[in-house]
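Participant: Turn these sequences into a full structure, and let the hints guide you.
2 protein chains.
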Amino acid sequence: MIDDLIKANRSCRRFHENQRVDLKTLEELVDLGRLSASGANLQPLKYILACEPQINAEIFSTLGWAAYLQEWPGPEPGERPAAYVVILGDTGISKEFGVDHGIAAQSMLLGAREKGLAGCMLGSINRKALREILNLDPHLKILLVLAIGKPREEVVIETVGPDGNIRYWRDEAAVHHVPKRSLRDIIVASHSPGPN
Amino acid sequence: MIDDLIKANRSCRRFHENQRVDLKTLEELVDLGRLSASGANLQPLKYILACEPQINAEIFSTLGWAAYLQEWPGPEPGERPAAYVVILGDTGISKEFGVDHGIAAQSMLLGAREKGLAGCMLGSINRKALREILNLDPHLKILLVLAIGKPREEVVIETVGPDGNIRYWRDEAAVHHVPKRSLRDIIVASHSPGPN
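Here the protein sequences come in this chain order: E and D. Using this note's numbering, the letters of the first sequence map in sequence onto residues 1 to 196. Using this note's numbering, the letters of the second sequence map in sequence onto residues 1 to 196.
The list makes no distinction among identical chains, and a pair is therefore deemed to hold if it is satisfied within one copy or across any two copies.
Okay, derived cross-link-like pairs now, EDC-like style, lysine to aspartate or glutamate, Cα gap no bigger than 16 Å in a straight line:
id	residue 1	residue 2
1	Lys7	Glu28
2	Lys115	Asp4
3	Lys24	Asp3
4	Lys150	Asp22
5	Lys128	Glu58
6	Lys115	Glu27
The hints are simulated quantities; they were obtained by calculation from the structure and are not laboratory data.
Facilitator: Structure, rendered in structure tokens:
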């Protein structure tokens, strides 16, 4: 059931780094992005895959992790992602990428979750450094990085309280808590023919 | 399996309009968006739901349909969507919405597909007219409209040919064909420890 998968698909930031993710797995995930909707069907997204320790370490060095956990600089060696998918926009195809990378990233992380993996969409990227590491052609723009691996942390959904605070937090047992707004707080209006 | 669902989840533009979609179903879909990832967990998305013929007709009048089918102005009466989810960005929460609405829209349409429904993400919107119809507060920005209903058309995935043409087309039997780029055309580079 898709709702179970979506609920289980929490952003994960600590992994069993020594549990490798192979290239075939990453290609299967990209295929899910490939077959997802694209604005005007332009399909301007391109991908770079990484599951090799040396390049992984270089990619890792360009990423910003959990902004709200100010005392936590990011995952330590041994709990870092085992793989990355770098999502690029091909400016030779389109200058605007709309929400194509959001759609594709969601498909890919749902696929990862189904395989027993977990991931995180990272937008806080030192793009200049990552361009150099990946030796990117000028027509390719860095949109998002997906970090992927075998999950090493527990994530729990909470309800946003009356103060409206949406900052996630980590408890003593290192469980990660994520407050989500309730349905009644996000539905502005409903137009229906009356009681069903 | 998520890959079957993603493959089956084709953008649909013709529906059995008389097969109603109720408010509970729309709320279940919004709940899937609600539980999906959000940049910095800000959750700035808000939603308006519609499944009532009069408001549906007004929303329909603001939408642009398939840009590449120049002889087809959009679905005729009887084959129009039975419901809409209007995705809004709350500028009181964030000025930038990143790809949050792409992530949420993909979750919602996968959920719709699992329920035997289909939909289409529409970004070609007469936003000024839709604002008036929905009587929107100034702090809410229209991001996307999801059209939803019981599907009335067949959609087939094709492979983009050597000419690179990505325009979808409709054949004599009104089957809708959508060319997708192949995996080898979208993966720019792979970094792995060697043959697995």
